[in-house]
Amino acid sequence: MIEIQDIHKSFGSLEVLKGVSLNVEKGEVVSVIGGSGSGKSTMLMCINGLEKIQRGRILVDGTDVHARNTDLNKLRRKIGIVFQQWNAFPHLTVLENVMLAPRKVLGRSRQDAEAVAVQRLTDVGLAEKLKVYPSKLSGGQQQRMAIARALAMEPDYMLFDEVTSALDPQLVGEVLDTLRMLSSKGMTMIVVTHEIAFAREVSDRVAFFHQGRIHEIGSPEHVIGNPQQPETIAFLKSVL
Amino acid sequence: MFSYTFHWRAAFQALPQMLAGAVVTLEIAVLSMIIGIVCGIFLALASGSHSKILRGAAAVWIETARNTPALLQIYMAYFGLGSLGIHINSFAALLAGIAFNNAGYLAETFRGGLRGVPETQARAARSLGMTAPQAFRIIVLPQMMRIVFYPLTNQMVWAVLMTSLGVIVGLDNDLTGVTQNLNVLTFRTFEFFTIAAGFYYVIAKIITLSARALGWRLFRY
Amino acid sequence: MFSTSMSWHDLGFVLQGAGVTLAVTFWAILLGTVLGMLFGLIRAVSPWWIAAPLGVVLDVPRSVPLLIQLVIINSFKSIIGVNASPFVVSCVVLGIYASAYCSEIVRGGILAVPTTTRRAARSLGMTYWQDLKEIVFPMALRVMLPSWIGLTLGVMKDTALVLWIGIIELLRASQIIVTRIQEPLFVLTVAGLIYFAMSFPIARLGAWLEKRWQEND
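In order, the protein sequences belong to chains A, B and C. Residue numbers for the first sequence follow our numbering, beginning at -15 and rising by one. Residue numbers for the second sequence follow our numbering, beginning at 176 and rising by one. Residue numbers for the third sequence follow our numbering, beginning at 63 and rising by one.
Isolated chain A, as found in the complex (with noise of 0.2 Å):
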């Protein structure tokens, strides 16, 4: 499980993170709502170590992600992460993109690193786009391509930062789709999201961030069906 606690993070005189704390079990699914620069996004980056923190503690299946003698690379290849810019690498095509990682991370075969890539590649519906380098992909399609890189690490977790907020309007629903898919398959996630309804209909749980904080928590016929706090109801209300 992911446990966070009480973490602190500024960028210079900007405190983002002023004391969140959650804890994230095994195969739930959080997702994470609240205006922009609310600090969600900087969140995910603390969680696989991309960022660092000032306070607090974060803990990976009990191993403490900022300590001194945690092995950073080891331990993100448990936490698969997807971005909002979806980050394809341009020079590879889709299916190197997929492999790259299984076999220099992993130390996969060709073979086996292959077989694992067009597996999830398939999930993700690239099944046709092996041999297509990303800037021949729609953006739907390269944020499809890069959950399956993720996915290919065989993650036991997986970190969504507002994945669908660079796409056009259309082609947010494909990405969705390949969200709904893996939750049901007992995928742990945690969800920065701008799409409230797609929140309430895959969520366990729903954090209302707000300020640097976690303003609201709660299942999400409780925080986005009857919020009780105030900034929620205005935040709500503002994007609905």
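Keep in mind that the hints were calculated from the coordinates and are not lab data. One should not assume that every hint holds.
Residues from chain A that keep clear of chain B, each with C-beta distances beyond 10 Å, as calculated [stated by the list, open to error]:
#	residue
1	SER5
2	PRO74
3	ASP107
4	GLY109
5	ASP152
6	HIS178
7	HIS199
8	PRO214
To give an idea of the interface, some chain B residues facing chain C are shown, with a C-beta separation under 7 Å as derived from the structure [unchecked claim]:
#	residue
9	PRO244
10	MET251
11	TYR325
12	THR328
13	ALA371
14	ALA372
For lysine to any residue, the following SDA-like pairs were computed, each having C-alpha atoms within a straight-line distance of at most 20 Å [stated by the list, open to error]:
#	chain 1	residue 1	chain 2	residue 2
15	A	LYS169	A	ARG189
16	C	LYS139	B	TYR396
17	A	LYS120	B	THR180
All of these numbers come straight from a predicted model, not from anything done at the bench. Ideal placement from N, C-alpha and C gives every residue a C-beta, glycine not left out.
Given the coordinates of chain A, work out where chains B and C should sit on it, guided by the hints.
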């Protein structure tokens, strides 16, 4: 019209000699590029470093290379180093001058290449569990290569053209040097130098066209 | 204490050479810009069967060493019996050389103006020439100016080569002093600093203009 008679036949008999000169020209250009690339990478890294001394030294090199004539840089190597007790022949002076010039221009190219790959690429690679050196080698470097590839081939053409300056410091076995020797012997200036121009043109075209073909193969994305 | 036998008179001689360098640069760039604008415009707006051959021809001065071009034209001048001084030959050769680069800059600048902008202009009822004059040229100019400044600096440095056909410009003047007083390192450094002083401010101006205009876009 005019009384001059062209003597192309005599000039064409010198083709083998000139071809040998062209080989020397290419040798100098290739060597100067190898040295220039190595120095250029170090200059690019130095100009991004935290040390003031390194940054200053890199700036002096880069600005001198870019803001003074290549011929002056060759003179510096040929005449100037003599003041310091280092005497080098015209071949070495030409090579040093062009390599110095290449390094200054390529340093800027490499700086642009480093800037041209978004930081998010390295970040995405690290998030997949790659180490920093892995991320640089497998993800950043190949993309950088694409950015610097065409400026690099342009510089190669420049290096070939700059080798012609060797004759001014007395080099006599490169293409221009050979041509000048023939010219002094026969006074058929126009014929010989026109043929030399043809050689240079062909070399330049071979470089640009083969680079373009290579670029198509290497960078298909 | 550092001492040199280079006299003020010698420095004056070198500065005179710098004057020649500037004069050759000026005439070469003037000729190169006029011709380059013409060639560049033709290459940008004419059909391919004119643009392509012109492009091939203009590629030649960029693929042959300038030194060779100087020697060829200088000897050709004698062959056809034209009585032109080395100074005129230098300006013409460097001018043609500069025009080849300048045409590339002009062509690039014109083609950088988006077709949509040009369509918008035409849809407002402007004629072809009005569109070129009022929309395309002003927009292209912003793209062109930094490269043009770079070209000017490049030509200034390339003028050093005209010493080969007997012109005493900055570098040749320095070399003459070197031969006399035998202090190559010092004299060449002085020459380098003069080149630097002539080109560095303009280079900075070019970089500044480029940055400023990019911010405005």
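So, going through the hints one by one against the coordinates:
1. SER5: Check passes; 23 Å lies beyond 10 Å.
2. PRO74: violated, 5 Å
3. ASP107: holds, 18 Å
4. GLY109: Nearest chain B Cβ is 21 Å from A/GLY109, so the label holds.
5. ASP152: holds, 20 Å
6. HIS178: The claim holds: A/HIS178 sits with its nearest Cβ about 20 Å from chain B, beyond 10 Å.
7. HIS199: Holds: least Cβ distance 27 Å, greater than 10 Å.
8. PRO214: holds, 36 Å
9. PRO244: holds, 4 Å
10. MET251: holds, 5 Å
11. TYR325: The hint is violated - B/TYR325 has no Cβ within 7 Å of chain C, the shortest such distance being about 14 Å.
12. THR328: violated, 13 Å
13. ALA371: holds, 6 Å
14. ALA372: holds, 5 Å
15. A/LYS169 x A/ARG189: The hint holds at about 17 Å.
16. C/LYS139 x B/TYR396: violated, 50 Å
17. A/LYS120 x B/THR180: violated, 61 Å
Checked against the numbered hints above, the structure breaks hints 2, 11, 12, 16, 17 and satisfies the rest.
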